[in-house]
Structure formats: structure tokens, C-alpha cells
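Undergrad: Same order as they appear, the protein sequences are chains A and B. Position 31, counted from 1, in the first sequence is what our numbering calls 49; the numbers after and before it change by one each time, with no gaps. Position 752, counted from 1, in the second sequence is what our numbering calls 753; the numbers after and before it change by one each time, with no gaps.
Rather than coming from a laboratory, the hints here were simulated on the basis of the structure. Possibly wrong hints are sitting among the right ones.
Unchecked claim - No more than 27 Å apart at the CA atoms, straight line, and that leaves these computed lysine-lysine pairs for DSS-like:
{"#": "1", "chain 1": "A", "residue 1": "Lys39", "chain 2": "B", "residue 2": "Lys559"}
{"#": "2", "chain 1": "B", "residue 1": "Lys714", "chain 2": "B", "residue 2": "Lys451"}
{"#": "3", "chain 1": "A", "residue 1": "Lys78", "chain 2": "B", "residue 2": "Lys481"}
{"#": "4", "chain 1": "B", "residue 1": "Lys89", "chain 2": "B", "residue 2": "Lys28"}
{"#": "5", "chain 1": "B", "residue 1": "Lys588", "chain 2": "A", "residue 2": "Lys39"}
{"#": "6", "chain 1": "B", "residue 1": "Lys559", "chain 2": "A", "residue 2": "Lys78"}
{"#": "7", "chain 1": "A", "residue 1": "Lys78", "chain 2": "B", "residue 2": "Lys609"}
{"#": "8", "chain 1": "B", "residue 1": "Lys481", "chain 2": "B", "residue 2": "Lys451"}
{"#": "9", "chain 1": "B", "residue 1": "Lys259", "chain 2": "B", "residue 2": "Lys198"}
{"#": "10", "chain 1": "B", "residue 1": "Lys198", "chain 2": "A", "residue 2": "Lys39"}
{"#": "11", "chain 1": "B", "residue 1": "Lys501", "chain 2": "B", "residue 2": "Lys755"}
{"#": "12", "chain 1": "A", "residue 1": "Lys78", "chain 2": "B", "residue 2": "Lys504"}
{"#": "13", "chain 1": "B", "residue 1": "Lys317", "chain 2": "B", "residue 2": "Lys501"}
{"#": "14", "chain 1": "A", "residue 1": "Lys39", "chain 2": "B", "residue 2": "Lys798"}
{"#": "15", "chain 1": "B", "residue 1": "Lys609", "chain 2": "A", "residue 2": "Lys39"}
{"#": "16", "chain 1": "A", "residue 1": "Lys78", "chain 2": "B", "residue 2": "Lys744"}
{"#": "17", "chain 1": "B", "residue 1": "Lys559", "chain 2": "B", "residue 2": "Lys662"}
{"#": "18", "chain 1": "B", "residue 1": "Lys798", "chain 2": "B", "residue 2": "Lys588"}
{"#": "19", "chain 1": "B", "residue 1": "Lys516", "chain 2": "A", "residue 2": "Lys78"}
{"#": "20", "chain 1": "B", "residue 1": "Lys788", "chain 2": "B", "residue 2": "Lys499"}
{"#": "21", "chain 1": "B", "residue 1": "Lys751", "chain 2": "B", "residue 2": "Lys499"}
{"#": "22", "chain 1": "B", "residue 1": "Lys317", "chain 2": "B", "residue 2": "Lys198"}
{"#": "23", "chain 1": "B", "residue 1": "Lys194", "chain 2": "B", "residue 2": "Lys89"}
Unchecked claim - Among the chain A residues that face chain B by a calculated CB cut under 10 Å, a handful are:
{"#": "24", "residue": "Ile22"}
{"#": "25", "residue": "Ile30"}
{"#": "26", "residue": "Arg36"}
{"#": "27", "residue": "Leu37"}
{"#": "28", "residue": "Val47"}
{"#": "29", "residue": "Gly72"}
{"#": "30", "residue": "Arg77"}
{"#": "31", "residue": "Cys81"}
Even for Gly, the Cβ is constructed at its ideal location relative to N, Cα and C.
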Amino acid sequence: MSWIDIGHIDDIPLRGARLVKTHMGCLAVFRTGEAEVFAASDSCPHRGGPLSEGIVHDRKVTCPLHNMVFSLETGEAQGADEGRIETFAARVEQGRILLDGTLIAARGAA
Amino acid sequence: MTRLVVIGAGMASGRVLEHLFEAAPEKFDVTLFNAEPRGNYNRIMLSPVLSGEKSYAEIVTHDDAWYGAHGVTCRFGERVTGIDRDRKVVIGEKGEVVYDKLIVATGSNPFIIPFPGHDLPGVVAYRDLEDTNAMIEAAGTPGASAVVIGGGLLGLEAAAGLRLRGMDVTVLHNVGHLMDRQLDETAGYLLKKDLEKRGIGVITRAATKAIEGDGRVERVVLEDGTSLPADIVVMAVGIRPAAQLGHAAGLEMGRAIKVDAQMRTSDPDIFAVGECVEFDGALFGLVAPLYDQAKVLARTLLGEEDAFRMRELSTKLKVTGCDLFSAGDFAEGEEREDIVFRDPARGIYKRLVIEGDRLVGAVMYGDTADSNWFFGLIKDATDIDEMRDTLIFGPAFQGGGAAAADPMAAVAALPDDAEICGCNGICKGDILKSIAGGAHTLDAVRAQTKASASCGTCSGLVEQVLAITLGDGFQMPTEKPVCTCTELTHEDVRRLIKAKELKSQPAVWQELGWKTPNGCHVCRPAINFYLLADWPLDYLDDPQSRFVNERNHANIQKDGTYSVMPRMWGGITTPDELRAIADAADKFGVPTVKVTGGQRIDLLGVRKEDLPAIWADLNDAGMVSGHAYTKGLRTVKTCVGSDWCRFGTQDSTGLGIKLEKILWGSWTPHKVKLGVSGCPRNCAEATCKDVGIICVDSGYEIGVAGAAGMDLKETELLAKATSEEEAIALVIAFVQLYRENAKYLDRAYKWVAKVGLDWVREQIVDDAENRARLVDRFEVSQSVYRKDPWAEHAKPKPAQRFHLLADLTQEAAE
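This is chain B alone, in the form it adopts within the complex (with noise of 0.2 Å):
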């Protein structure tokens, strides 16, 4: 038998033995050394056992009987000394053992860096288990912190899992953003937040002064002089190799022990696995290539033929909840083209790097369902050339032309374990199963599984797993196209607007494939308002892609006339504003003059060639727009309120003033109506609007999705705000929510049935900071749209397309 030598027994080593007693169970007897006083077990999943989802038990890989059956002779606990070449012993701290064959598998040691304090009791590494238990002790005392140094993978699980164990944590991360070996700066934004969100403090660029404490650490103190309590610090800087054995006994060393494709070091007889190796000027930290080193490496020693190489990796982020994946490589280059997606509202990014006709480099966060199929055009180095339009949106939209033109093979090609619902996290397998016990509708399926039942966007996808599974026993709703000018229904091209940053009419119809040169009188419209929603700063509003009632700021009459009717902020007005009404009623020969079901007054039967003079003279008297024409804000309906009404809560007039305020000018995928009543008999009717508010004495009631038109329905409640401020902020997000979202000529009640209300609430009632920044967002727009479009009109220039162009009948006949 051939005495084999192993010094560490972790995953590469662990790995080697396996495939050797697999092959030649009788040809080696293994003398296995581990400084650690147990053998090997899954070193990845510490992250599960420091949350508590896992036992230490759960994670052992190879037990005292598995050692035992492969006749293992056990030195764990026993440090190895040294290794010496000329007599082929290892030296351990009992004893020696002599080697035909060694291998050198010692692993890596965290790096620790040696600011003040490094080396006080409570300032741990993510190594082994010793640590992981360190912190699990730490975690055991009520309201206990942590601070957790290095914001790379490791520490985030750490950080994670502590969190788990109700501790509060605090990452620290010199770099401008987390994971920046494997992410970039848009996906480190978005795992910050999502850890954020989770109650997990992140600073990054955070310079680190000192780890201090009495006798044990009890906080951490930054340059800046910020300081944060801590009964544990984790160091999670990096690795290094372990490799001061194989220097000792004399081996070729570079920044580890050196070896060869066969894992050989300059030794013959002595080998080397894992982490403590160096390969072609690489290292290596991530346990797929070890797995690869540990295959290679039992092969050589069986005497049979094989070679190590470099494969790409990939990394996933073992934190529920953060979906991240990186693969290759991503930095910027001048060959290099990116394609990037961002959702974000659903916090989604996806960037490919492409080098030629190849992907070489892919991030994904919030969405990593097709992260597989990436990497393996990266790992195969696959010519993308004919699916470069498509390639972002994953392999469900490829397959050369046919599976385009066929998404239904795409679909029917997937796995059982693709992921159909990136929300819920629901694999076709889970729908597939829901299928075959009965579920044979969308709704029955969402019911079931919930899949497509948060966001809304994979409800294609289920669809067709459905009537692929189904057959003719489904109906597929036919998903329309927008218009006969493209195949894209809605939802796609408001998706590749922004995945393609298209900010121009022309580079939609260029980039999207329009069928026609310039659109049609249905896409027009929708094109034009999803670019000026999604770009309002990049994209100018074009007048000519508008409805007429839009581009004349007034609506057309069925004789050609137009109404005109300005606007009454939350339906107060004064004899002023009356009087100046009436005097243009005179003026201007206005055959009817209705007060409107908005609060308002209606002129009816204007001339076009009028607009601009009657506009000119209701804006003279302090009067704008009211919009009653637009897909935009029309009015906001309030009733007396508490000035004068016994029952009246709150300021519920002012409030709808307010509102308007905010609101008018905006554009919407259809018109928005409001109405805020003082109380619950709701006067102003605010329970059929788009948005209504009930004010009472505990604040205020959001009610959202209601319609008073060809349906009717009752708003349903969004969510209850305590001061205005709040509610003010909870109506604008909505807004803006439905106008980066909604297709065109979707009121919001329908718009609210297809997405779900608790997606809607979970945006932007539940994520105070998405919230945020959709008003910021709003806000952004409105600096570009909130203005009186009668007053831009009124102006001599533009006032001149009003009227006629030339008037032949004042020339003379020749």
C-alpha cells in the first residue's frame, strides 16, 4: 500500500480522499492531520450555522465512521511541524509519520490587519468553526452588536447571520461599495439597501482607526471619530494561503506553494490542494476550482492522465433574500460593450459585458433566474452575435429565430429547477405540480403557488407553461402587441426603453424593429408618454405624437369647437376668478358655460382660433390650465371641510389643495382623478377616485384603485397615514409608481388589479425608501412638466398654429 500523507483536512483534501478510496479503496493508507480537532466538514455552510438554519452536525462531511471504514488514521487536533524531504517524514507535534506520497493541504489563514486592539478578546475571524461559535456566544446576549469589518462575501454572511441571531450589526467597508471583486458599483448599491432594509448597517469607504476595549473589545472607532459599539468584531478582510510548511521543506513558493497541472510541487512525491496552492500565478479562495484541483490531483496518484484548469467562476451571495450573481469579467474596457437593465422599482440590475461576439462578464441583482445560463455563455464562450437585442432578458427570449418567433420552445426547454417567478421564487417544477393537481388558470396557479402573483411581470411565463402543459385544454390570453407597427405588447417596450435607455422616438422605432416608419396613431401616444415618463430630463415631448385634445391644450367638441376649462385648485374659487370666467364667457361668445362633476367651470363651444386669446385672458387673472384634457392630474375634489363642517377632520381642503398643487402638470399613463373628504361621510366622494383620502381624527385613510366611470369601484385602502406630510408622500409615490409602471391608457384601477395591491403596498408602504425615491423621481419630472402649458401657448409664436396657415381666398385670381 502506498503510505499517503495528508496535512488538512478541509473540503480540497476531503475532496481527493474521496475520489481515491472510490477508485482504489485498498491502495493507500492515509495518515490525515488536522490542526483543527475534527475532521472535514462543509467550511461554505458556516454561514447557515452561524444563522441557526443549519447544525454543525448537518455540516460534517466525513464522520469518525467514514474515517474509520477507509481505514484513516487520525491525527486531529496535532499541528504539523515540519516536513522533511530527505527522510520523507512529517514532522507533528507527537510524533513523525513517514510518506511515499504527501499532500500538502494546510488551506488559508484570515487576514487579519493590525489596527489597535486587533488582538483583544472578541475580535474574531470567519475561518471555522471556533469562530463561527464565537459568534454564536457573542449573539447570545440580549441586545448584544457586532461589527463586522469587510463588507466581501464572507463578511456579509457573517453580518447576515448575525443579524439572524437578533444582533445589531454594522458592516464596514473601506471600498466605495460592498463586494467590489465581484460586483460593480450599481449592484453593490442595491445589496446595501436590500441589507439595509434588513437592519443591517453598512458604511462604506469606512476607514477604521482602532478597535478598542478593557480587557475585551467594546467598540470600534473610526478615523472620522465615529464610534460603534461592539461585543464581538469580525474581521473579514481576505485570505491567505497557508503555506509556511511547503516554504520550510524548501518547495518552489510563489505567493503559495507552486505547483503544476497535475497539482504536483517541485517535489514529485509531494502535492498540494486548495487554498495553500499556486497555479499559474492564481490563487484560489471559492470551492469549485478546489473541487476541480482535488479530481486532477486523485487521478495523478492513481497514475492516470488529467490536467487542472482555470475555469471562470461565479459567485452567489448566500444571504436570503439578496439575490446577487457575478461571473467573469466585468470591468470596463474599450472593446468592451455593456448591456445593462435596471427595474429600479423592483431594485433589479442586470449588466453584461460583451467582448466581439462574446459575453465575457455578467451581474445580476434582484433577479438572477437566468444567472446559469449566463455563465454558461461565459464558461463556453458562446457567439452571442445573433441574440445580442434579446440577450438580457435570458435564454426564454433566444434560440436563434425560431425560438424567438416560438417562446413557447423556449419555455418548454426549461428545467424543472428554472426559476418562473423571481419574486416568490417559484420553479417550473412548483407550477408544473400545481398544474397537475388541478390548477388550469393563471389565477388558479398564482393562487396556488404564488407565482406572478407580486410583481406581475412573469405572468407570460406561467401562461405558458400552462398551454404548454395543457395543450388545448388552455386558452392562452392572447397577450397583444401595441399595434400592428410591432410584435412587443406594451410591457415590453416599456421594459426595453429602459433596459436600452431609448430617450427619442426614432431610437425606439430603430431599436425596437418598428414595422412602420414612424409608428401609428395607437403607439405614438403610449411611445411618447413612456419616454417622457421614464426620461422626463433626456426626452422632449412631441406635440405631434399627442391626441388632439393633448397638443391643443383643450378638448375637441364634436362641431370642431373646444372646451375650455381652467383650473380651481381643490374646487376653491373666488369672485375674481368668477368674475374673469364670465367676462371670457362674454368675450368670446361661449354658447355654454357647466359646472363640471371636478369642482369646476366648463366653457363649451370655444373656437381653436380663440384658445390662445381666452387662455391669455383666464391666465391674467391668476387662473391656469386645469388639464381636463390631459392623461395627466384632472382634479382633486374636496369638500367644505373643517372651516366650516361640524363633522370636518384635519385640514382635508387644504390638504387637496396641496395635492394639486404638487400634482398638476404630470402626465399618467390615463387621467388621475382625486378626492380628499374631511370625513367618513365623504362628501367629496373620494372613495370612487383613483386616489381617495377620508381624513379622521387619527389621520388620514389612502384608498387607491377606485373608478366611477365604465366600471365602477370602490377605491381600496393603501394605507393609513398619521400626518399629512406622510400622506402627501404616500399619494405622489403611488403616482409615480403608476406612471413607471402602468401601460398607457390604463387607469390605475386596472393597472393596481394586474400588479396586486400588495405590491403596490410593498414599494412604497412597507419600503419607506423606495418611497423616497419615487417622489424624488416625481419630483425630478415635475421640475420639467409643472407648468401651465395655456401660458407656453398663449405666447405669440406658438399661439400662430391656431390659426390658418394661408388664406387664398383674400388672393387675387390670375
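Chain A with its partners taken away, still in its complex shape (with noise of 0.2 Å):
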């Protein structure tokens, strides 16, 4: 797999997200660690809720729409919701935010 740096770790806050274009549509990274990431889609199954606006908490994040939450690990969504947003691999290396590289490979198959 190719990684692609996105950007540091500090350009996003603790317990925030940013988003990022990419030829699939806006996906969110989401810090929910010191040093630990989660790439998601942005939009919330639900309404189109923007999740990159959402409270992260855990490993999880809240719609701010209509506080549907979902696993940033799995994309579930908990508790009694249904529901699942496509998750994308994504790491933290010596301070770079790393996204999987067929992100841009993408669109050949769009």
C-alpha cells in the first residue's frame, strides 16, 4: 500500500477532524488521539449531516445533525442507530498524517 502525506499532525486539533478532497468526494480525518487519526466520509448516512463538525469522542464521532454516532474504527453506527460510513486506512508517522495512496488512484476507477 502507498501512503500520501496529507499534512501534520498538529493541523489538526485534539478531538477535531479536517477534511480532505479527494476524487470520491470529501472524506474527514478525524484526531482522536495525541497521535492517532481515522479517515471517514464526511457525510452522515442519516441526513448528509457533516461528521468532520461533529464531538469526537473515543474512537467515535457524533453527527452534529441529529447525534447519530459512529465507530471511526468499524464506520458502525452505535447503539440503536443503523447505519455505516466507509472508513479509510490512515496512520500517524513521526508527525505526518499518512492516507492510503489509492485515495488518488481513485480516480481511474471513478
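The task is to assemble the complex, starting from two chains supplied on their own in separate frames and drawing on the hints.
TA: Rendered as C-alpha cells:
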């Protein structure tokens, strides 16, 4: 797997998120810990709420529109809600945030 | 029969005689000397006599009939001049008496500081009935003044009694805080405040220079030149053991007559008891150990074995309305840890001093409901390790793991005289009575007993009493925890944040045992608010714990765009501002421009990445954030006011603008909207706001707790102010009280319904000092938060986060 460097870990506030634009649409990169990030779809399957604007807690995010909670590890909705968001490989190495390189290559497939 | 002579008819010797007559009625032939011309009375009840709550007759312990029935030869009003130990006689002014056993119970003398003028008529101590009567007599003159020298237990009781009798009273205390032997600084401060509320002047660090007067006391002069008029001066600076007889008789002396654990002096036939003794280096002044001594001495005289041991002492002040308690040792030390609980709004202070796993000291002020329980822990040296975290909340929160999980058991275990409602002094027994009388709901109990009717914090306890008593007959309103991260309620969390001085979110999570690593979307915004409201200077606001609108300083719309609403102070704008708004709307392609109900203009449909730029443009035109997206001060709606309206009174529009400029930027538990109308026609619709002011010719009618959202509710009159300054102070104090006490997301009307408007009035209308303190605390908070977040976020670096982190569509695919 090839990794793309998209920025420094401190470009995202702790328990915050930033958006990355791809050919597949915008995805959100969540910072859940000092050196822990997750990448997932920015769009809530419920009403399309911007997940990157939600409150990040543990390894989860709460949609700002109607409080659906998603696991950033599995993408599964938590609790009684049903639904799933797409997740993408992401990691932190020496302070840099790395995303799955196929996200760029996806242009060909798109 | 044993010839027993007793010198001194005080509380200690009186108790000895009671024990003796009870155990062996025929064994002792007693002669009782007393310098005062009367027998034994309850000296500690002189305060109620002074205040007029009791008469002397009510505090007599032993009357003539009692002495007669026990064959006591009373020699009252006669001084004892000496003891001849060789001949075993006591020498009285009117003759000698032979003894087999002798008890010296001469008590103590008040300590008189030899200031110039200390011997003027009108300078009294506070020791006996004569002193008390002198004070009562002085208070008989209308408008008379008293100065009490000494801010200890006795001095304050004297001051309170004199005040109740209508005198102007000033207490002089030479140390920095009152009752410095029993209280620490904070409790001393609260006591001073309460006394001042009762009209008693208190001067601490007072250096008395002289007592002056022509043939009689007229004034007290301090070193700094202050002159206090005084018709009577009460010197209550301490006591000294009255032990001269022992000294003259050659008994072994320390600072008083030395006794062993059987209360025997160095002469085996002479005993001593009470304030004139020294045991193990200690002197005595409070009644509890004197009674212990009396019991031991009686048993010794009866030939039984017993030994006096010193116990921990506790103090309560017998001044109505000043609830204080002190016990044990509360000096700070290296090995010692403090647990402090402060509730400035309610004037409550509790401090526990812990050494190792033991509670060694306790000071409480304002709420002493649990004092006996704490005192028990100190006396018994109970291991408190397990309950350390919740110790300060008292027995209701304890009982090991089981009772902590089952607070009902703890409440069930409370005795009937346990105080449930500290504000109104309602005991469990009172509540049980009202339940038995048919009060089966919290409201009914509240209406009948006043329990939980004031600050409301004991509502939970009252409900538990109801639940225990009625069983299934009572539907317990479930007090909900904040969220699934914790078992604690909002009220618990707010209290613990203050009590444990938790100043960061990690501190809250750690210290309060959060079940999740860092909370959730429910608790995080609440905790963030509580922390910034309670510790404005210590806590740094966390944008990641805020809902999107407050983080982005704009309201998110259903399509993911935002609305932008600049502030229009009091709904007043200018052509320049309007032009700037129009220009911004054009420049950023704003699809909808809306005039709002809060008298400003909303620009709807702004893209997130455009926010910093549109803010910058509006800032350039002199406008700031309207905070239309916050749980904070929103708008202050006004009418056209007296400048234009023929009905207008006061400068209502000006007041609205002033209020908005003072309050803007402040965070509150929920949004806060104000209205100011210039007359009762109420064009600003002030009567459905969180705070609404109606200006009238005579002043300002300040209403609070209105609502016009999910619920519709008219404001209730908080107070009528006569000046604009007073109106502003009342509004600020109300907002600050709300900030400090309400549950997050409770609008003001919901909060007021919980605590009661009466309580709110007590805090900010009746208590001007508390009002001023609330205003001060609000200003401290505003020194941090009264600024434009748009200007902050429009700066290049913070503005970055409104843009993409990366754009991978620009990267070349490999």
C-alpha cells in the first residue's frame, strides 16, 4: 500500500477533524488522540450531516445534526441506530498524517 | 456522713452534686459556697437571656427547693477567703466550715485588658448574670450603642444578643478573622458577612487604644483614630482560671490547680473541677469536658474507679442564623490534606483536614447538617480512606460500596433529627410527619414543611425520604445522570467541579470516574461550560467540546452552509453598517437576507470556507459577532424609546445598548435573550424574555424567567430598580447566578422554576453584597470572554481550519 502525506498531526486539533478533498468526494480525517487519526466519509447516512463538524470522543464521532454516533474504527452506527460510514486507512508517522494512496488512484476507477 | 465542702456553685460542681445525690443520697453532708448571690444556673444559656429569648428563671439548674431537698447548706453571696489544710477548714467571710473532702470549683475570671479606661463604669465582662443584666439595662435606652471587644465565641454571642435588643453593635477583634481559635479564614469571613447582614459591625485587626468617658464609658478609640460611641463596652477576650485559693493553700499549681485523672489535687482530700483546673497541661473552657470531669470526680468520691480523659472538642455558635461548626485540629501541615467545598453563592464552606486515613479536623459554615457525623469520625479516629472522595458530602453519600450504590439505605439510616433542608432547618422527622399527614409528593412536602423550598439542593434527599416512607406509593422522579459516561447528575458534577476544584476536562474525567476515555457529545459541552463558568481564569475553553455552531461561530443550516449575523447593539444600526451588510451579501453570494425577531439581519447560506472572509469584511465595518449561534447572550431587544416615542420613559434604548455591551460574549447554560421596553405598552416584548425590563416613570421593573419558545411564559417580577445603575447590577447578577448554578441547557425559566424565584431574590435583591460579588465574578469572566470571536478566527492561522486540509484531486495519480 502506498501512503500519501496530507499534513502535520497538529493541523488537526485534538478531538477535531479536517476535510480532505478526493475524487470520490470529501472525506474527513479525525484526530482521536495525540498521535491517532482515522479517515472516514464526511457524510452521515441519515441526513447527510457533516461528520467532520461533530464532537469526537473516544474513537467515535457524533453527527452534529441529529446525534447519530459512528465508530471510526468500523464505521458502524452505535447504539440503536443503524447505518454505516465508509472508512479509509490512515496513520500517523513521525508527526505526519498518511492516507491510503489508492484514494488518489481512485480517479481511474471513478 | 462525709462532710463535703464545695467552693463554687457552677455547672461543673453542680453536676458533681447531682451524681453524688443520685448514687448515694445519704452519704454526703454538703456545704456549698458561692460568691454570686445565687445557686447553680446554666451559664451557657446566658446568651438567650441576653437576647431575650429566655428568662433567668428558665436557666436555673438548681433552685432553693433542690438544695433544700438534698440538705445542702447554701452559703451564697459569701466569698471564701482561705483554706486551712492543717485544720481541714474552709474560711468564709462569715465563718469557717470543717471538711472531710473539699471540692474547689471556683471557675474562671474574665480577662480584662488594662486599656486606659478599662475600669470605667459601663465596661463589663460577659461571665455572669450581673454582666448580662448590665447589658440588658444598657440596651434599654433607645438608640444606645455597644462595643464588644473580642470576636470569639462569647463576644459574638454577646454582640448578637445586644443587637437583638436593638443596640448598635460593633465587634472589635484584634486578629484578622473572627473566632480565630475555632475557624479558619474563610469560615471567619463568612461569619463576618452574616453578622454584618444582621447589622453587627465587625472590625478585624482592630487595635483598641483606649476606652473613654466622663465618669462613665462613652466611646472606644482605636489606634487609627476611629472613635466608636459606646454606652456599654463588653470585654470578652478570654478567661483565666480563678485558682488563687489553691495557690494560697499551697496546692501544686500550673496555670491552674493541677489535678490527676481522678480530679485530685496534690492534697488527697482536696479535689478540683472545672475551669480552675489544669490537667495534663490543658485548661478547660467548654462544658463537655467539665461534665466529664464532674462524673469522674463523683465516682472518685464514691470510691469507684474512673479516670478523666481528654476528648476532641467541637464548637457551635449559638447565634441564630450563623451556622458554624468547628472540631479537632485544622492547622495546615505537611502530612495533612484538605478537602474543601465552597459554595460562594449560598455562603457555604466546608473544610475537612485529613492526616493519613483519619479525619483530624473539620470546619463548616453555612451548612452544618452533617457536623455530628464528622465529629464522630474525628473522635473515633475512623479510617476514612474508602470514603475519602465523597467524604465532604456527608453520611448520605457513604456507607462503603453498598450504600454508595444505594443512597436510599443511607437516607433510611438517618435519625429523625437529621437535618435534611439546611436552608429552612427541616429535619427528617418533620418531613416524616408531613408525609404521615398526607403529603405524598415533593411539592406537597415542600408546601407543608418548606423543605427544599429554598435552594432546592436537598430535593433529592426529600424524595428519598418520601420513597422510603411510601414505598411503591411514591413514584421517584428519576434524577438522570448527565449521560452514560457517568452516574453523576448535572448537579453533582457542578458541585464536584467546585468542591474538588477541578479545572480541566481530564481532571473531571479522572476525578469523577468517567466511564469513557474522554466523554461524549452529551457531557463534553456541559463540562466545558461548567469549567469555564466556574474557573474563567484557569480553564481554557475547548472548541472541540462545543457543538458545531459554537465552534464555527455561525449557525449550520440543513445544507451544510452557515448563517452569519452581526451584532446590532440594542437593535440600532446605521446606513454604513447596512451598506457593509449589503456588500457582504453581494460579495459572498448570500442567497437569503432575513430580518430576525431579535432586531438584526441574518445572512443565510454562507459557505464554511467563506466564513473568515465575510467576518473580516463585517469587522472592517465595525461590526462584531452577534453570537446568534451560542448558549450565551443573544440580543437585547428595544423599542424606539423616549428619544422618539411620546410614551417612552427613561433611556430605555440606551439601557438596552448598555446591557448588551456589558453582557455580550458571555457563555451561559442556554441562550439568554433580553428585552427593554420604554413603557408598559411593551413594544420590545420584554415580558417573554429571559430578562425583560419595563421602564416606567418611577424606575425599572425587572422581570426574569420568561419564555417564548417551546413554552410560552410571562416574566416574573424580580425587583424594581430606581436607578439605571441598580437595574444593570441586578441584571448582571441574575445572569451570573444563572451561569454559576443552572444545569447546562436549562433556560433561565426552567432553572428559576427549580430553585424558586424567592431564592433568586434572596441572592441578588435582598443581599446587596452578594449581588456585588456576583457582578464582580461576572466581570472577571468577561475579562476573558468579552471579545469578538470573529476577529479572532478571521486571522490567517485560525482561519486555516475553515479550509481543506488537503486536496487530493490536485495530486497527480501515479
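Undergrad: With a cut-off of 27 Å on the C-alpha distance, tell me whether lysine 78(A) and lysine 504(B) pass.
TA: 25 Å, holds
Undergrad: Please verify whether lysine 609(B) and lysine 39(A) have alpha carbons no more than 27 Å apart.
TA: Status holds; Cα separation ~15 Å.
Undergrad: Is lysine 751(B) within 27 Å of lysine 499(B), Cα to Cα?
TA: 22 Å, holds
Undergrad: Quickly compare the C-alpha distance for lysine 198(B) and lysine 39(A) to 27 Å and report which way the hint goes.
TA: 65 Å, violated
Undergrad: Between the alpha carbons of lysine 78(A) and lysine 609(B), is the straight-line distance 27 Å or under?
TA: 23 Å, holds
Undergrad: Lysine 481(B) and lysine 451(B) were given as a pair; does the straight-line alpha-carbon distance stay at or below 27 Å?
TA: Answer holds: lysine 481(B) to lysine 451(B) is near 24 Å, not above 27 Å.
Undergrad: Against the 27 Å threshold, does the CA-CA distance of lysine 39(A) and lysine 798(B) hold or violate the hint?
TA: Judged against 27 Å, a Cα distance of about 20 Å means the pair holds.
Undergrad: Taking 27 Å as the top limit, are the C-alpha atoms of lysine 588(B) and lysine 39(A) close enough?
TA: With Cα atoms ~25 Å apart, lysine 588(B) and lysine 39(A) stay inside 27 Å; holds.
Undergrad: For the pair supplied as a hint, lysine 194(B) and lysine 89(B), confirm whether the alpha-carbon distance does not exceed 27 Å.
TA: The given pair, whose Cα atoms are some 55 Å apart, is violated under the 27 Å limit.
Undergrad: Have a go at the arginine 77(A) hint: is there a Cβ in chain B nearer than 10 Å to its own Cβ?
TA: 9 Å, holds
Undergrad: Do the alpha carbons of lysine 89(B) and lysine 28(B) lie within 27 Å of each other, as the hint requires?
TA: 19 Å, holds
Undergrad: Just to be careful: measuring from the Cβ of cysteine 81(A) to every Cβ in chain B, is the smallest value less than 10 Å?
TA: 9 Å, holds
Against the hints set out earlier in the document, violations occur for numbers 9, 10, 17 and 23.
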